[in-house]
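Start from chain A and add chain B according to the hints.
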Amino acid sequence: MTGIPTVLDERFRAAAAASGELDVAYDLLDDTPVGPLLVGVSDRGLCRIGFDPEPEAELERLARDFGPRVLRTPRALDQVRRELDEYFAGRRHDFDLELDLRTAPEFHRRVLTELSRVEYGRTTTYGTLAAQVGSPRAARAVGTVMNRNPIPIILPCHRVVGASGSLVGYGGGLDRKEWLLRLEGALL
Amino acid sequence: MSRTGVPPFEWFYESHKSEVLAFLRRRAGRDRADDLFQETFLHALRAYGRLEHGEHLRAWILTIAANAVIDAARRERPAGQLVQEPVDVDERPAFEELAPLTDGLPPTERAAVVLRYGYDLDYDAIGAALGSNEQAARQAASAGVRRLRKEKEQR
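Those protein sequences? They're chains A and B, same order as listed. Using this note's numbering, the letters of the first sequence correspond one by one to residues -4 to 183. Using this note's numbering, the letters of the second sequence correspond one by one to residues 368 to 522.
FYI, nobody ran anything at the bench for these hints, they're computed from the structure. Zero decoy hints are in this set.
Examples of chain A residues toward chain B, derived with CB under 8 Å: (1) Gly(-2); (2) Phe7; (3) Ala58; (4) Pro63; (5) Val65.
Owing to the predicted nature of the structure, the values given are computational and were not obtained by experimental measurement. No residue lacks a Cβ here, since even glycine has one placed at the ideal position from N, Cα and C.
Same shape as in the complex, but just chain A:
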């Protein structure tokens, strides 16, 4: 099937984003230092960052979580793209983005909120986070929350390491965790 003129396509996508009718506006960032990323925003804020996106599965998941009106609208992601660029260039330590965690279960939300307080260049441990949310024995559950973090990088689960200082694991793969920690100067 042939396409349609690019101008027309872009015009519709921009109008759709401006209409306020989308459940999720997303874009694919093809060349970041940590590989391709899928980023999505809802009317409440940033709701997804996906590593190694397989758009089929990602879009279905977004539709299931937020509603079927999911459309690629690059312009709606301008601020997210800019802040990530600055972060990857080492020029930004904090993000000024609203986050939408409505699909995260209550325990996850508590842990992720605590996680958001871990500063740039610092690390914490699974056990410490568990204690901070009042469940000191729940280090393993905290690991699960990190693994399912819907908005990695911005919610810095890469800053969570094992009690011995080992990196342990990362939803996006250990190479990326290491790269992010080096960027922030937390690893030499």
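The following block gives chain B in isolation, referenced to the frame of chain A:
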């Protein structure tokens, strides 16, 4: 859970955008097709969150496009001044001829008549497009045709 079977809008849009644009160009001319294209998909987007299932989406979007053409034609032409405009040659009955003729019909009958005789959709698809079923679509189309005949006799 979202409603079963309603695909992400991105897939729906990508699957149908070429056909919808071609359809609009054929029916409304190249110049007006661009605006109608945007109008059609914005309309679909507004309604998309309320869809109960993902069946017959092609018929659905073509119906929205057909209505956009009708509404645009109505906006541009004062009532009573029906100008025959040149349209691309097409083996199907020219929609431009059918639209003004069916203007006086109740909405469901008009849609059924236009989709059946203007676009050659089958009744199953028309029923889905109208949110009813095959039999209701058949009845609406034949009621519309009867009404048109009666109007013609009275003229």
